[in-house]
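Below are the chains, spelled out letter by letter.
Number of protein chains: 2
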Amino acid sequence: MSTESEPPKVQEEVDSSSQSISKKAAKKEAAKKAKEERRKEAEAAASAASALSIEEEGPLANNYGDVPLQELQSVNDPQTGKWSEAVSGREWTEVGALNGSLKDQEVLIRGRVHTTRPVGNKLAFVVVRERVSTVQCLATVKPDSVSKEMVRFVRSLSNESIVDVIGVVSVPDVEIKGATQQVEVQIKKLYCVSRAAKTPITIEDASRSEAEIEKASKEGVQLPRVNQDTRLNNRVIDIRTLANQGIFRIQSQVGNIFRQFLLSENFVEIHTPKLIAGSSEGGSAVFRLDYKGQSACLAQSPQLHKQMSICGDFGRVFETGPVFRAEDSYTHRHLCEFTGLDVEMEIKKHYSEVMDIVDCLFVTIFDSLNNVCKKELEAVAKQYPFEPLKYKPKTLRLTFEEGVQMLKDAGVEIDPLGDLNTESERKLGQLVLEK
Amino acid sequence: MSTESEPPKVQEEVDSSSQSISKKAAKKEAAKKAKEERRKEAEAAASAASALSIEEEGPLANNYGDVPLQELQSVNDPQTGKWSEAVSGREWTEVGALNGSLKDQEVLIRGRVHTTRPVGNKLAFVVVRERVSTVQCLATVKPDSVSKEMVRFVRSLSNESIVDVIGVVSVPDVEIKGATQQVEVQIKKLYCVSRAAKTPITIEDASRSEAEIEKASKEGVQLPRVNQDTRLNNRVIDIRTLANQGIFRIQSQVGNIFRQFLLSENFVEIHTPKLIAGSSEGGSAVFRLDYKGQSACLAQSPQLHKQMSICGDFGRVFETGPVFRAEDSYTHRHLCEFTGLDVEMEIKKHYSEVMDIVDCLFVTIFDSLNNVCKKELEAVAKQYPFEPLKYKPKTLRLTFEEGVQMLKDAGVEIDPLGDLNTESERKLGQLVLEK
Chain A
1 MSTESEPPKV QEEVDSSSQS ISKKAAKKEA AKKAKEERRK EAEAAASAAS ALSIEEEGPL
61 ANNYGDVPLQ ELQSVNDPQT GKWSEAVSGR EWTEVGALNG SLKDQEVLIR GRVHTTRPVG
121 NKLAFVVVRE RVSTVQCLAT VKPDSVSKEM VRFVRSLSNE SIVDVIGVVS VPDVEIKGAT
181 QQVEVQIKKL YCVSRAAKTP ITIEDASRSE AEIEKASKEG VQLPRVNQDT RLNNRVIDIR
241 TLANQGIFRI QSQVGNIFRQ FLLSENFVEI HTPKLIAGSS EGGSAVFRLD YKGQSACLAQ
301 SPQLHKQMSI CGDFGRVFET GPVFRAEDSY THRHLCEFTG LDVEMEIKKH YSEVMDIVDC
361 LFVTIFDSLN NVCKKELEAV AKQYPFEPLK YKPKTLRLTF EEGVQMLKDA GVEIDPLGDL
421 NTESERKLGQ LVLEK
Chain B
1 MSTESEPPKV QEEVDSSSQS ISKKAAKKEA AKKAKEERRK EAEAAASAAS ALSIEEEGPL
61 ANNYGDVPLQ ELQSVNDPQT GKWSEAVSGR EWTEVGALNG SLKDQEVLIR GRVHTTRPVG
121 NKLAFVVVRE RVSTVQCLAT VKPDSVSKEM VRFVRSLSNE SIVDVIGVVS VPDVEIKGAT
181 QQVEVQIKKL YCVSRAAKTP ITIEDASRSE AEIEKASKEG VQLPRVNQDT RLNNRVIDIR
241 TLANQGIFRI QSQVGNIFRQ FLLSENFVEI HTPKLIAGSS EGGSAVFRLD YKGQSACLAQ
301 SPQLHKQMSI CGDFGRVFET GPVFRAEDSY THRHLCEFTG LDVEMEIKKH YSEVMDIVDC
361 LFVTIFDSLN NVCKKELEAV AKQYPFEPLK YKPKTLRLTF EEGVQMLKDA GVEIDPLGDL
421 NTESERKLGQ LVLEK
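Going line by line, the protein sequences match chains A and B. Last residue of the first sequence: 435 in the numbering used here, with the numbers rising by one and none dropped. Last residue of the second sequence: 435 in the numbering used here, with the numbers rising by one and none dropped.
Be careful, since some hints might not be right.
[As the list claims (entries may be wrong)] Computed list of lysine-lysine pairs in BS3-like fashion (alpha-carbon distance at most 27 Å, straight line):
{"no.": "1", "chain 1": "B", "residue 1": "Lys82", "chain 2": "A", "residue 2": "Lys349"}
{"no.": "2", "chain 1": "B", "residue 1": "Lys348", "chain 2": "A", "residue 2": "Lys103"}
{"no.": "3", "chain 1": "A", "residue 1": "Lys198", "chain 2": "B", "residue 2": "Lys349"}
{"no.": "4", "chain 1": "A", "residue 1": "Lys348", "chain 2": "B", "residue 2": "Lys348"}
{"no.": "5", "chain 1": "A", "residue 1": "Lys348", "chain 2": "B", "residue 2": "Lys82"}
{"no.": "6", "chain 1": "B", "residue 1": "Lys349", "chain 2": "A", "residue 2": "Lys188"}
{"no.": "7", "chain 1": "B", "residue 1": "Lys348", "chain 2": "A", "residue 2": "Lys188"}
{"no.": "8", "chain 1": "B", "residue 1": "Lys103", "chain 2": "A", "residue 2": "Lys348"}
{"no.": "9", "chain 1": "A", "residue 1": "Lys349", "chain 2": "B", "residue 2": "Lys198"}
{"no.": "10", "chain 1": "B", "residue 1": "Lys349", "chain 2": "A", "residue 2": "Lys349"}
{"no.": "11", "chain 1": "A", "residue 1": "Lys375", "chain 2": "B", "residue 2": "Lys198"}
Worth flagging that the hints you see were computed from the coordinates, not collected in a lab.
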């Protein structure tokens, strides 16, 4: 286990295609951005210089600052300082939990600096992000808590730095557009726990939808587009976007609902071997490796062991685990490694018992996701728009003959005894949806 | 998915060591066994012959028989017969659910023939096993339901055959020793859904504890001992033993409790890649393979990707998945492939936050297992005796210095700055237990 730490400081450039576009067109946006960056750099330099030379004196100086490493060390007798004294005896409140019910209360939050925005030299806004939630915090000069120097310190914070903020929750009259939480935090104290180096991609760029880029483009502004290679080369930053936070959390929930449903239906979870002597099933390519002088394969499916479990009287089993398929296939339907959700059950009388379980399983997953992952689904839809899933509480069942007949009626030529190809499957899906 | 089907008919012999012992010593037990087997074979032959030639006629003949394959097929218009008519409109009751509250009710159960025992030619006992539960059923000649021929049919059933039994639940005055359920089923109808071939090992032999074998040995009786090779060669039969059914169900529950606890503590479940470009961490050997012309490794741990998730702002993550370590190690602490339960979390102030979570996690797992897996723990303990786990609601915490001091006080020489070796770790465990 490890403590929270800074991501490796990857020095890769944003991929050239998006940069060249922005270089060509940019104008206003780019100039604005460059100006902002110059400001930040100057402020950072000034802040660093001031930290070394003319540190503020007096009681207000204790309300902000960088937390030195010694103070953060987990030792029995850590060096105390202004941060330890400020957070001592307090619990952190999750940014996502900040709402009107906490009005006028003092809270301690920890998160990343999502953006900062100075308004003159007496006021600075900083949006703090924790996972899928953001909150607007403001530092405004006050004789008893916030000095001019502290506002300058807040303005100098680099994006993605981790900060601890102590402040009072207030509820503004107008809707807050730049953050998920509809409250503000009036900063009393702010400490930087870990100052981030300049990141190779910004969360703002990585969170942009195609629609936004195209809309801006029509208005003559070229916004940076972060391509997949760049994302994968800077994965730890890319997965901080709200859409990715959502995707991983939805995935986690799918696994959870899948398991809870099956356990409630008397299934047993098994973990089958992934290193096996022969290929699991025909029809898909296999990765081979040397297992201490013997030839071994990576399992293409838990099929054999699931069936062994049924013959071994487990009755109903399931597995969630990696599946390996060495195919030279470049369709969107293929991955060399994926996480399989596998189910196997004995039937008492008729295979429709399996259809009943699977039917109910999927409806349960869809229902639960709509309930527990509302926020996450919205976060994903914002960057990658999708239509809400349509499904019936009781799934429509077609026999193969009925499906073939529907395709024939729609003018698709089809072999009534053969498998459906991808195109026919899609067409059939469409026809069923229209029904 | 597949339907319940017979295990492959492995014709391996029970391993020779145990057989040679039993040949030498056996006497009474072996003779009894051989006689029993001869009886079964004779009855099976007689039954097969009668099935072909003089099938019983009249209404009672509909109350038993082998279910022909056509009748079991999942088609829209299956061939009807006496079995389909008998089970039509009925639901199966789990053997484990049979108890006194069902007294005098008619139930339909499905399970394997665990043992049969004839008492004259008008009465036969058959113990039916479903997963970890067994129930004693009896067929006794009655003018309105059970014929002599039916009793003969019940006696002829080979062990491990799958049967459907319709009968009335009764509660005997005396304790039932040969089955888990304290009720009997008075058979009215019995159909054999799938007749098992002779199995290479019997569940009875595979379920025997070392203590039973030794006890019998002292009394001059050599009972067969099923060695590990034989078990692994006949895995689908071996995992039908109550101990193995228990082990797999406990394992399933451990995973479930692990996940439920962590999800409730705001952890996100992740699935990290198992095929990676380099080794995950130093210090353990790695399996290498060819990934489409590039060199790849099997992950020795999800370490890197867990840490990436933390840097990527997931905050708290866990994974349950396979881990591969290619070490040439033959200790009981090493497996080349195992299922890892992995946890990674950010800390706010002190590493004791991790200890708090892990502490509570283990106590929750132990508590829950004692609650929900009572039956399974008993089943395992019967074959492989173990002492009940001792643990405190709040785990004892020792600093490294305190541990070293305890060992020193007990006279163990130890390097106060080095790692503890296996022996010292064991000794320390002992000392803590004694405390």
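Checked hints:
no., hint, result
1, Lys82/B x Lys349/A, "holds, 14 Å"
2, Lys348/B x Lys103/A, "holds, 25 Å"
3, Lys198/A x Lys349/B, "holds, 25 Å"
4, Lys348/A x Lys348/B, "violated, 53 Å"
5, Lys348/A x Lys82/B, "holds, 16 Å"
6, Lys349/B x Lys188/A, "holds, 20 Å"
7, Lys348/B x Lys188/A, "holds, 20 Å"
8, Lys103/B x Lys348/A, "holds, 24 Å"
9, Lys349/A x Lys198/B, "holds, 25 Å"
10, Lys349/B x Lys349/A, "violated, 58 Å"
11, Lys375/A x Lys198/B, "violated, 58 Å"
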